[in-house]
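Given these sequences and hints, build the entire structure.
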Amino acid sequence: MSNIVIVLTTEKQGELASYYASSRVERNAPGVIFAAKLSDTSITSYKSGKVMFQGNGAERESSRWGKPNDPTTKKTSSKGDKLPSNFEQLSVIGSDETGTGDFFGPVTVAAVYVSADKIDLVRELGVKDSKMLTDDFMRQIAPDLMRALPHSILTVRNDKYNTIQARGWSQGKIKAMMHNQALHNVLGKIAPEKPAHILIDQFAERGIYYNHLKNEKIIVKENVLFATKAEQLHVSVAAASILARYAFLKEMDRLGDLVGFDLQKGASNKVDEMAARILLSKGEATLKSMTKWHFANTQKAHSIATKKRSK
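My numbering puts the sequence shown at residues 1 to 311.
What the hints contain is simulated information worked out from the structure, not anything from laboratory work.
For each residue, glycine too, the CB sits at the ideal point set by N, CA and C.
If a hint is listed, it holds; no wrong ones were tucked in.
Below, computed lysine-lysine pairings styled on BS3-like, alpha-carbon distance capped at 25 Å:
1. K12 - K47
2. K300 - K270
3. K250 - K189
4. K300 - K311
5. K79 - K229
6. K265 - K250
7. K12 - K67
8. K194 - K82
9. K217 - K173
10. K265 - K307
Pair ranges (Cβ atoms, derived):
11. T9 - S268: 40 to 48 Å
12. N269 - K214: 33 to 41 Å
13. A29 - K307: 55 to 63 Å
14. E11 - G172: 52 to 60 Å
Written out as structure tokens, the structure is:
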């Protein structure tokens, strides 16, 4: 099933509404100004100017009015489990994580349930692959998503991360434990309703993922699918990615307040310089409390700090 979005002027939206007037249907979703249902295509026009065409005839009908301009219409070369042909229109819990490659800040995981009747609303709010969105925009829409959708957000701050990592937990195990708990939390919130599927943005093969969870009392397994680039496959994962990023940014704000300046994301040379600055001004205990201590950045920061002390 195709899903195509184009943007039209107000005048063109009026022409579209007249053209499909005989097939008009009532839609009460926020932002909808016109909707029509053909035998093989659903058409939804929004105040924002976006018009969504869904169904087997989406390409045919959308081509009457313009070219697709939404990145979500691009095909993705994801790997993982084979998904149903209409997967993007099903009720799904999606989960994703962030922060694993950043020296400063926590690891965050979010799981979000998007039922079939809320998919259009979530897209209208601007949800798409978080790599296509700015941090400021994600900060803006995350509260709306949290109000509209059942979700669970988990944050492992650096002190806890360093403790469990020192016990021998890999990042893969930490992430698997967090995903499993977040998914269990959302399933509890929507019970007795169940999603058609659960989609995890794949960071490990299925067997490895479940091996990390083998000692857990509760393991979420029913209808679970794994796929890379999952943010492009269902809006639930895209929404989860946004909420995970939002939680990461909030914790980075808190840590920045502690040292008096914004922290650099990632694990670059700039991060090393900033870590050395904190090491010199605040000491090792403070730096450790806000970083992933096993990263190579730790030793680099120590080397930079040592050179500065000797000058």
